[in-house]
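Engineer: Those sequence lines, one after another, are chains B and V. Note that the working numbering has the first sequence beginning at 1, numbered continuously upward. Note that the working numbering has the second sequence beginning at 1, numbered continuously upward.
Quick caveat, the hints were computed from the structure, so don't treat them as lab data. Do not take every clue at face value.
[Said to hold, decoys possible] Beyond 10 angstroms from chain V on every Cβ pair, some chain B residues (computed):
hint, residue
1, N3
2, R29
3, I56
4, G121
5, E132
6, Q135
7, P151
8, G171
[Claimed, not checked] Cross-link-like lysine to aspartate or glutamate pairs, in silico, DMTMM-like; alpha carbons within 20 angstroms at most:
hint, chain 1, residue 1, chain 2, residue 2
9, B, K59, V, D162
10, V, K59, B, E55
11, B, K59, V, E55
12, V, K158, V, E55
13, B, K158, B, E6
14, V, K59, B, D162
15, B, K59, V, E150
16, B, K59, V, E132
17, V, K59, V, D186
18, V, K59, B, E180
19, V, K59, B, E6
20, V, K59, B, D163
21, B, K59, V, D163
We put the beta carbon where it would ideally sit given N, CA and C, even for glycine.
Chain by chain, the residues run as shown.
2 protein chains.
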Amino acid sequence: MANPIEFYFDFTSPYSYLASEQIEPLAQRYGRTVAFRPTLLGAVFRISGQRPLLEIPLKGDYSRRDFARSARYANIAWQMPTVFPIATVQAARACLVLQASQPQLATAFIHGAFRAYFAQGRNIAQTGVLHEVLQEIGADAAAVLQATAEPQVKAQLKQAVDDSIARGVFGAPYVIVDGEPFWGSDRLPQVERWLATGPF
Amino acid sequence: MANPIEFYFDFTSPYSYLASEQIEPLAQRYGRTVAFRPTLLGAVFRISGQRPLLEIPLKGDYSRRDFARSARYANIAWQMPTVFPIATVQAARACLVLQASQPQLATAFIHGAFRAYFAQGRNIAQTGVLHEVLQEIGADAAAVLQATAEPQVKAQLKQAVDDSIARGVFGAPYVIVDGEPFWGSDRLPQVERWLATGPF
């Protein structure tokens, strides 16, 4: 059995959203599955000393344009959130809760939350919005949200973030194929080459 | 006559080198020429508060790997320089001198200098190496290097850097097609789409 493709992401990362819409079909073309691994860019950036994109002079203005154009280029729905970036701790915990308890719903939740935030103008940092998204994918929203407040779930996310940093994750999306790291949605063509030919 | 594609670069930028090897064939496929515009990332980064890639924890290690893999992906010769990054002021001035006096040699110099540094293990921050590169492309190396010390050439580079920042350049390569900015060698597919279809 081939290794799953590891896909590290943060729900507030535009390029993670764009890649999340493409990684599964790509993986399937090469007989792979995708292991979705939530992390928190806030914590990652504290280690690497980076700042949120839109806070960087000149680069911030460019990035807004590039988000939208890169979405159009890949034919993916896009609407710049009015509140950006957002805290994604609760969404990430909800993802972990589902992955542990109802894995068949977890991936639907990931896509649902990303699309709510980046295509539907819904702020998934709000518990009420997360509740809706969970309901829409058929989860027991109240139970999942209640679980996100449990100490062991909080500890699980902290561990997940630490693990991602230990793996070298400094930004998102961060894709690992058989140990080889690829950062950014614009590296998907190289991911595809790697899957098609092996190491090049 | 269609606008030239504006290509902002720094001789110490690996992704500028990779893009410099691809931008002219790409432009020619759409009846365009390329206007090569040297800038200095040191000055640009002071404005935007960014740091050289390799100084960023985690990202630095990844970047070394990505430089080499991206070169292999694009089938471009690559050898990580032992001294990196380097000061490229004199190389940039030499470029401007040639562009003003012998434009037919300027582009050959750009490719020659990039390849010397990123494919041949030659440190183009050294005047002796620049002299060789200038000779190899058939320029009067001594005259060009002498000109790089002239006040008006120094002022011209300073102006070129200020102009690049005024255009929004925050990194390199930075490509502008009919007013639309594209940052990074990984945006060349979007540049190509833009040239093929117009704004998308």
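Engineer: With reference to the structure, classify each hint as holding or not holding.
Structural biologist: So, going through the hints one by one against the coordinates:
1. N3: N3 (chain B) clear of chain V: closest Cβ-Cβ about 19 angstroms, beyond 10 angstroms.
2. R29: Given a closest Cβ separation of 18 angstroms, the condition holds.
3. I56: 6 angstroms, violated
4. G121: Holds, because the least Cβ-Cβ distance between G121 (chain B) and chain V comes to about 22 angstroms, which exceeds 10 angstroms.
5. E132: 32 angstroms, holds
6. Q135: For Q135 (chain B), whose nearest Cβ neighbour in chain V is about 36 angstroms away, the distance exceeds 10 angstroms, so it holds.
7. P151: Label holds. Min Cβ-Cβ 29 angstroms, cutoff 10 angstroms.
8. G171: 7 angstroms, violated
9. B:K59 / V:D162: Holds - the C-alpha atoms of D162 (chain V) and K59 (chain B) are around 16 angstroms apart, at most 20 angstroms.
10. V:K59 / B:E55: 19 angstroms, holds
11. B:K59 / V:E55: OK: K59 (chain B) and E55 (chain V) at ~19 angstroms, within 20 angstroms.
12. V:K158 / V:E55: Outside the cut-off at roughly 25 angstroms; violated.
13. B:K158 / B:E6: 18 angstroms, holds
14. V:K59 / B:D162: Answer holds: K59 (chain V) to D162 (chain B) is near 16 angstroms, not above 20 angstroms.
15. B:K59 / V:E150: Cα-Cα ~33 angstroms, so violated.
16. B:K59 / V:E132: 36 angstroms, violated
17. V:K59 / V:D186: 17 angstroms, holds
18. V:K59 / B:E180: It holds: about 14 angstroms lies between the C-alpha atoms, which stays within 20 angstroms.
19. V:K59 / B:E6: 18 angstroms, holds
20. V:K59 / B:D163: 16 angstroms, holds
21. B:K59 / V:D163: 16 angstroms, holds
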